[in-house]
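Residue numbers (the working numbering), protein chains in the order written: chain A, 4 to 126; chain B, 3 to 508.
I should point out that these hints are in silico values taken from the structure, not numbers from a laboratory.
A few of these clues could be false.
[As the list claims (entries may be wrong)] Stretches of chain A that chain B covers, calculated by requiring three or more beta carbons in the stretch to come under 8 Å of a beta carbon on chain B:
no.	stretch
1	4–16
2	19–29
3	77–90
4	109–117
Ideal placement from N, C-alpha and C gives every residue a C-beta, glycine not left out.
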Amino acid sequence: MTRILVADDSETILLLFRKRLEHAGYDVITATNGEEALAALAAAGPTGRPDLVLLDAMMPAKSGLEALAELRGSGDRTPVVIVSAHPGTDAERAQELGADGYVAKPIDWDDLLARIRDLTAAA
Amino acid sequence: VSAPAGTPPAASPGVVDRLRRGLTNPSLATRMRIGFGVLLVLLACVTIVGVGRLFDLRRDFEDQTSQSFQLELAAERLRSAFILQQSALRRPGGPGVAAGRAYREATALTADATRAARSLAASDPVARRLLDQRVEADARWRELIAKPILRDRDPPTPARERRLARAALDADAALIEGQRDARESQREEVRSDTRTTVLLVLAGLVASLLAAVLAFSGLVNSMSEPLSRLVGGARRLAGGDLEARVEVGGPEETEVLGRAFNEMAAELQRTFSERQRVEKMKDEFLATVSHELRTPVTAVKGFAELLMMERGHLTPDQRENVETILRSSEQLTGLLNDLLDMARSDAGRLEIHARACELAPIVDEAARQIAPRIREKGQRLDLEVEDGLPQLHAEPNRIEQVLTNLLTNAHKFTPVGGQIALNARGDDGWIELEVTDSGPGIPPSELPRVFDRFWRGDDSASQAAGGTGLGLPIARSLVELHGGTIRVTSTPGKGATFRLRLPSAS
Numbered sequence: 004m005t006r007i008l009v010a011d012d013s014e015t016i017l018l019l020f021r022k023r024l025e026h027a028g029y030d031v032i033t034a035t036n037g038e039e040a041l042a043a044l045a046a047a048g049p050t051g052r053p054d055l056v057l058l059d060a061m062m063p064a065k066s067g068l069e070a071l072a073e074l075r076g077s078g079d080r081t082p083v084v085i086v087s088a089h090p091g092t093d094a095e096r097a098q099e100l101g102a103d104g105y106v107a108k109p110i111d112w113d114d115l116l117a118r119i120r121d122l123t124a125a126a
Numbered sequence: 003v004s005a006p007a008g009t010p011p012a013a014s015p016g017v018v019d020r021l022r023r024g025l026t027n028p029s030l031a032t033r034m035r036i037g038f039g040v041l042l043v044l045l046a047c048v049t050i051v052g053v054g055r056l057f058d059l060r061r062d063f064e065d066q067t068s069q070s071f072q073l074e075l076a077a078e079r080l081r082s083a084f085i086l087q088q089s090a091l092r093r094p095g096g097p098g099v100a101a102g103r104a105y106r107e108a109t110a111l112t113a114d115a116t117r118a119a120r121s122l123a124a125s126d127p128v129a130r131r132l133l134d135q136r137v138e139a140d141a142r143w144r145e146l147i148a149k150p151i152l153r154d155r156d157p158p159t160p161a162r163e164r165r166l167a168r169a170a171l172d173a174d175a176a177l178i179e180g181q182r183d184a185r186e187s188q189r190e191e192v193r194s195d196t197r198t199t200v201l202l203v204l205a206g207l208v209a210s211l212l213a214a215v216l217a218f219s220g221l222v223n224s225m226s227e228p229l230s231r232l233v234g235g236a237r238r239l240a241g242g243d244l245e246a247r248v249e250v251g252g253p254e255e256t257e258v259l260g261r262a263f264n265e266m267a268a269e270l271q272r273t274f275s276e277r278q279r280v281e282k283m284k285d286e287f288l289a290t291v292s293h294e295l296r297t298p299v300t301a302v303k304g305f306a307e308l309l310m311m312e313r314g315h316l317t318p319d320q321r322e323n324v325e326t327i328l329r330s331s332e333q334l335t336g337l338l339n340d341l342l343d344m345a346r347s348d349a350g351r352l353e354i355h356a357r358a359c360e361l362a363p364i365v366d367e368a369a370r371q372i373a374p375r376i377r378e379k380g381q382r383l384d385l386e387v388e389d390g391l392p393q394l395h396a397e398p399n400r401i402e403q404v405l406t407n408l409l410t411n412a413h414k415f416t417p418v419g420g421q422i423a424l425n426a427r428g429d430d431g432w433i434e435l436e437v438t439d440s441g442p443g444i445p446p447s448e449l450p451r452v453f454d455r456f457w458r459g460d461d462s463a464s465q466a467a468g469g470t471g472l473g474l475p476i477a478r479s480l481v482e483l484h485g486g487t488i489r490v491t492s493t494p495g496k497g498a499t500f501r502l503r504l505p506s507a508s
């Protein structure tokens, strides 16, 4: 089963992601900031490794953009989609840092699910 | 109630300061008063000295003239006395007692006249010398002519008598003639002295005026530099340089003006930076609000959508409720986007990434967005895009946003069953778009305010139409960022037309 790691500092949003993504047939693991997300990626064994990462752009401890930069810095090419409540400003930054996708809040789920499908199919 | 015991008023230190400054840098008014005062004193001195000198000259001349006339008169008397002396000697009847008496009377007259002449000629060496000659000639005549005749012994020869008499009379004539000449030369002297005095007075007056002109031009110069500095400062300030300050200087007035100018500039700068700070706070606040509200709206919308995914389990009533939640969250999202755009536009951070693009798909997408609402109100939307339009030079999403805003506006004001039209055509390097509604129109007095933010018309119908009042201002900002224009015309009662001009890519 395709596994997706979601990082967001809002428990409510995490719950929404979990429900919606599980409904669409994905295996979901969550983190509440960039630090935790990177730790989860590092801890995961070769079989339990997420196929895609959804990172909220702004989180305490380590933001999604920072986590993305670190991930790409370490040579990890796992597909990453940045989720942001700052339409416009974060999009360019995400692209520069090597994100594979960008969605703005409130989320257009049809659009997001289509993207996830494309990205995981390619992998 | 007793008055509080006050401290005795101490001499304010400002007074001494002001006095010192007044002495070292007198005010313009003081300088002008001093200048006028000095000028008046100079003019008065020159006039008084000159007029006094003229009076003195005149008096001296009169004194001398009168003395000279008296001396001349004395000389005439001498001549008369001499003639009387002569005639006494020539009395009919020859020398005798009567002749002696007449002669003595005449010599007494001569002595009188001589005394008078001496006292008058005391200050005139030439007259004195002539008088001495006259007295000597008279004495010789008396000794050599009169005495022998009176004694009737050794009478002089007529030639000798004539010669000696001539000497005395000639001396008289010389004295008289001398006084006439002296008066003439005095007159000449006075005339030239008067001329010299008048010239000196005129020169004094001219010099005073010249000094005054120099002093006043100095005064004007002392002002002109600080004034031109002030003008420069005011121009820089008007040009937007809020750092503009002027060097304070010149007479007290321009100093005060300069200080006042600097205070004004500082106050302007302070107010302006305060305003900028408030504007920045407002922009940040709007951005933060827009950002912070996005997360809960995401949750509301997301969970409502989850519910809708299981609509089979919902009663029709519940389904309607969830649909309402969804619609409201979409409105809220639109509002957040508008607020963010407005804040960015105000902060000058609304950016356009223009590229060459086709207009038709943009129009279709905007129409697709509005279609459900148009249907709901039973309205008709006519699209008419000219064939073979050149490409736009624009950011497609933003033009779609503009068209959506204009169509939303038209939809709101067009009554149920009304008609809305969107036309597009090329116009020499531009693409012109028109959105026409069949609503109540906009009164002419309201037209200039249509693009003001939060304007929603005055009548209750337009208030009831709802909306944020941000759609049109955002549309205008976006169009202008594209280098285009947007204008509105309206016939009240028939509807309004929004006309866009956007640059084509060619």
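Against the structure, the hints:
Counting residues of the stretch 4–16 of chain A whose CB falls under 8 Å from any CB of chain B gives 3; the rule of at least 3 is met. Given as covered by chain B, the stretch 19–29 of chain A passes the check, having 4 residues with a CB less than 8 Å from a CB of that chain where 3 are the minimum. Coverage of the stretch 77–90 of chain A by chain B holds. Counting CB-CB distances below 8 Å, 3 residues qualify, and the rule asks for three or more. Counting residues of the stretch 109–117 of chain A whose beta carbon lies closer than 8 Å to any beta carbon of chain B gives 3, which meets the minimum of three for the stated coverage.
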